[in-house]
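J.: Top line first, the protein sequences correspond to chains A and B. Take 1 as the starting number for the first sequence in the working numbering and just add one per residue. Take 1 as the starting number for the second sequence in the working numbering and just add one per residue.
Incorrect hints may have been included.
Below 30 Å or equal to it, Euclidean Cα-Cα: the simulated BS3-like pairs (lysine-lysine) are [said to hold, decoys possible]:
#, chain 1, residue 1, chain 2, residue 2
1, A, 262, A, 220
2, B, 274, A, 31
3, B, 64, A, 99
4, B, 16, B, 6
5, B, 171, B, 6
6, A, 99, B, 151
7, B, 230, B, 315
8, A, 262, A, 285
9, A, 314, A, 31
10, B, 274, A, 314
11, B, 16, B, 315
12, B, 171, B, 64
13, A, 314, A, 285
14, B, 274, A, 32
15, A, 148, A, 136
16, A, 314, B, 64
17, A, 121, A, 148
18, A, 99, A, 148
19, A, 285, A, 220
20, A, 151, A, 121
21, B, 308, B, 16
22, A, 175, A, 159
23, A, 285, A, 175
24, A, 220, A, 165
25, B, 114, A, 314
26, A, 99, B, 274
27, A, 314, B, 53
28, A, 99, B, 230
29, B, 53, B, 171
30, B, 16, B, 230
No wet-lab data here; the hints were simulated from the structure. Just so it is clear, the structure is predicted and the values come from calculations on it, not from any experiment.
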Amino acid sequence: MKHHKQRNILILLVVAALLVVSAFYIFPVNKKTHLGLDLQGGLEIVYKAALPNGTVPSRDQLNQTISIIDRRVNGLGVSEAAVQVQGADQISVALPGIKNVDQAVRTVGQTAQLQFFNDGKQRVSGPSESLAQAVKDAETQPQIALPKGAKAELDKLAKGETSTKYLAVVAQPGKYGNNTTPLYFIYTLPPAMTGSAIHSSTQSFDQRSRPNVLIDFTRKGGEQFGRVTRDLAQTGQITGVNQSFAIVLDNQMESDPVVDFKENPDGIQGTSAEITGSFTLQEAKDLALVINTGALPVTLHQIESQQVSATLGKDSLHEALIAGIAGLGLILLYMIFYYRFLGLVADVALIIYGVLLFGLFNAIPVTLTLPGIAGMILTIGVAADANVVIFERIKEEVRRGRTVRSAVNSGYARGFRTILDANVLTLLTAAVIFEFASAQPKGFAFTLILGVLVSMFTAVVATRALLGLLSDFAFFNRPAFMGVRAADIHELGDDGDSGRRPRRRSGAPADGRPAAASDAAGLTSTTAPSRPARPAKRRTSTARKKKK
Amino acid sequence: MAWFRKIYSFDYMGHKYLWFTLSGTIIAIGLLSMFIRGGGDPARGFNYGLEFKSGTRIETTFVKPATTAQVRAVVAGQGHPDAVIQQVQARNGGSTFQISTTSLSADQQLTLQKALNDRFTIAPTTNGGRDWNINTVGATFSREVITSSYKAIGIALVLILIYISLRFSWKFAVGAIVAEFHDLFVVIGIYSLTGRVVTTDTIAAVLTILGYSLYDTVIVFDRIRENAPKMSRVPYGDMVNRSIWETLTRSMNTTLMTLIPVVCLLLFGGSTLKDFAFALLVGVASGAYSSIFVASPVLTLLKEREPKYRKLALKAGEIS
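The following block holds chain A by itself, in its conformation from the complex:
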């Protein structure tokens, strides 16, 4: 017994410590709570990512995409932006509390793909005045040799369709030499390099303080770029003319820089390159940004977007809080009404539960969303359920003639098995939702998982320790404290009766411990009124069965 007492005190000390830690994570509330964008307003966009050939991207490619979007989003001044993979091929971008939504939509929604083409080897035609002219030029006097069947593919371009073999590229005024009208080109696919070759790009200045653009390649990208530029430099040496390559973003030519074969006879090797030219500062900045933003290894299609204003968010939070407080309050009242002193202990546990769960949420940290709050409110019920199961069991044991103290012990031991089975099933489904559902239900499932786990601790472990300690006091050893009273059990007494009868008859109670004479004497008077009812009830029950 001494041993139990020490254990119970230890458990309660742990609970107290956890409460202090939780309080530290909870206060001040408005600073430490992470509100989701449905509660504080903001923008969420869900993209479906695909490789240019339409297949599902690898995990690595998705993660690379996420880090690029992260970098873009960081420029928007949102403190809690979240860019995450969702499902097999979706990326969700959440920008809570964002003010300039228009800019964000444009920056994040930039779904462009960056491609590099070797002008000498891949340009089929151009520059031409129109797309139709470019296609015609490509069919009649291609600049490189075309394979058989090229005409059908080129005709697709003229009709505005996409081809898997050729790409129509347009250079807006100022993007190709000093063009003043849009110019059209046709290139062969696949491109010499894609944006995945690029690590990052920045605007800088060359030795003569002219704005330039620096590109950092990935290791593999550097090798690719080395091959392309060596090719260009060698052709340049043969023809005596500097050869160029095209930087194309979303079918738009952004730049057409040349490789100086005198400066770089072997091409540009290593992992970085520099684009110089008659850039203005703004043009250089824009090109660096384009190369950065275009460096996505996948194409993104927006499949869902949601924009919530701060007002709607505040209203939703307010409504959720009212629902939560009302739900908790009613449960607290009902538990006291029905289970008396035990109910009070359960209420203390429920409040501890609320504090620990909230603290845990902030500590992880979990962003609080509406479905998350719904999950939290629902788990208040789950936590109370655990106590209902245990307390009913304890009452049953008391009615069976046990002392309150031993009823508490066996009530927990037996009740726990039921709670475990029931909660494992809830956890299993919540885990399935978490794994397979989309973003919003995920928050709900995660809350449910945390809630069920924390409630197992507060409703089972903590209340047991509390009751264990209290049962040492004499006042506690009165069944009336848990609502087992003649007036209370009138109806329930029948329940207890019918449940007990067969056991008595078979002569082997589950615990193998019939009501002993040494048990609390006060109990006799409590259980007495229900006893005479037993034979009568039994008869009616059998009679009814016989009639059938």
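Add chain B to chain A, keeping to what the hints say.
T.: Using the frame of chain A, we list chain B on its own:
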């Protein structure tokens, strides 16, 4: 209150076929509604929310007074004559409207926002933004929500089947799974009948019901598992009856404990929370019902086929 006391001695298992008929009828009505509303395709017999169709839904508050007709005129002027305009509960001291259109691109959204702002002035928010809420969903997204939900339901049911088979036995598992299907069909039947909007939140709630509606079933099953060896000379149905009587109070209290917060969500929560709460309300109630009237009778039916229990039941005159 005499009738109330009767629930602690009622012969639940003796009326198995009555419960089966009752549940069957309720489910049949739901399925019928799905067929009729869906025009022969039950999957279409629901009022699907935006997530399941492609489209754009805007909710915004105007400072200047506006009527539905005026808003419709402006929206139609931007090339969206088919838009559905609804005035909803006002906030922010203005008039709030919901505008549903086909899927709008980012540019179209901005043009529309500008046109509405020019005419009615969109209310500002405390953080310097505007009271402009917009939700756009593409067709791909809705397909994925549906397929992932089917997958989740399938996997959840298999896991439940395995767990209950391990902890109890396969006959208990069958009882529980039949009860699960019952709850699932009752919920979706009611959604079809009432025409309530089905959202992704509804799906999450339905999935939760799969796990949670077993709470009461586990309470009863646990007691059956405990009583069975002690009452081996009693017909199985009688033993199940007794187990139900013994656990009835806790089943009712656990159901109540869950329904209290759910009802609070339904009464006080905003539209998202209400969506959740309605599905949970129906599911929890159905789960409590099915633990006694579906799961236990199915288990009894299976057990009474075992020679030992068949003999006992014949002796007691409960089956013939």
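J.: None of the hints should be skipped; say for each whether it holds.
T.: Hint check results:
1. 262/A <-> 220/A: 25 Å, holds
2. 274/B <-> 31/A: With Cα atoms ~28 Å apart, residue 274/B and residue 31/A stay inside 30 Å; holds.
3. 64/B <-> 99/A: 23 Å, holds
4. 16/B <-> 6/B: The hint holds at about 17 Å.
5. 171/B <-> 6/B: 29 Å, holds
6. 99/A <-> 151/B: Violated. Residue 99/A to residue 151/B sits at ~38 Å, over the 30 Å cutoff.
7. 230/B <-> 315/B: 19 Å, holds
8. 262/A <-> 285/A: At roughly 27 Å apart (the allowed maximum being 30 Å), residue 285/A and residue 262/A satisfy the hint.
9. 314/A <-> 31/A: 15 Å, holds
10. 274/B <-> 314/A: 17 Å, holds
11. 16/B <-> 315/B: Between residue 16/B and residue 315/B the Cα gap is close to 19 Å, so the pair holds against 30 Å.
12. 171/B <-> 64/B: 66 Å, violated
13. 314/A <-> 285/A: 39 Å, violated
14. 274/B <-> 32/A: Distance ~27 Å between residue 274/B and residue 32/A Cα, so the pair holds.
15. 148/A <-> 136/A: 16 Å, holds
16. 314/A <-> 64/B: With Cα atoms ~22 Å apart, residue 314/A and residue 64/B stay inside 30 Å; holds.
17. 121/A <-> 148/A: Roughly 17 Å separates the two Cα atoms, so the pair holds.
18. 99/A <-> 148/A: 55 Å, violated
19. 285/A <-> 220/A: 25 Å, holds
20. 151/A <-> 121/A: 18 Å, holds
21. 308/B <-> 16/B: 20 Å, holds
22. 175/A <-> 159/A: 25 Å, holds
23. 285/A <-> 175/A: Measuring from Cα to Cα gives roughly 14 Å; hence the hint holds.
24. 220/A <-> 165/A: 24 Å, holds
25. 114/B <-> 314/A: The given pair, whose Cα atoms are some 24 Å apart, holds under the 30 Å limit.
26. 99/A <-> 274/B: With Cα atoms ~28 Å apart, residue 99/A and residue 274/B stay inside 30 Å; holds.
27. 314/A <-> 53/B: 28 Å, holds
28. 99/A <-> 230/B: 68 Å, violated
29. 53/B <-> 171/B: Distance ~41 Å between residue 53/B and residue 171/B Cα, so the pair is violated.
30. 16/B <-> 230/B: Holds - the C-alpha atoms of residue 230/B and residue 16/B are around 23 Å apart, at most 30 Å.
The earlier numbered hints that this structure contradicts are 6, 12, 13, 18, 28 and 29.
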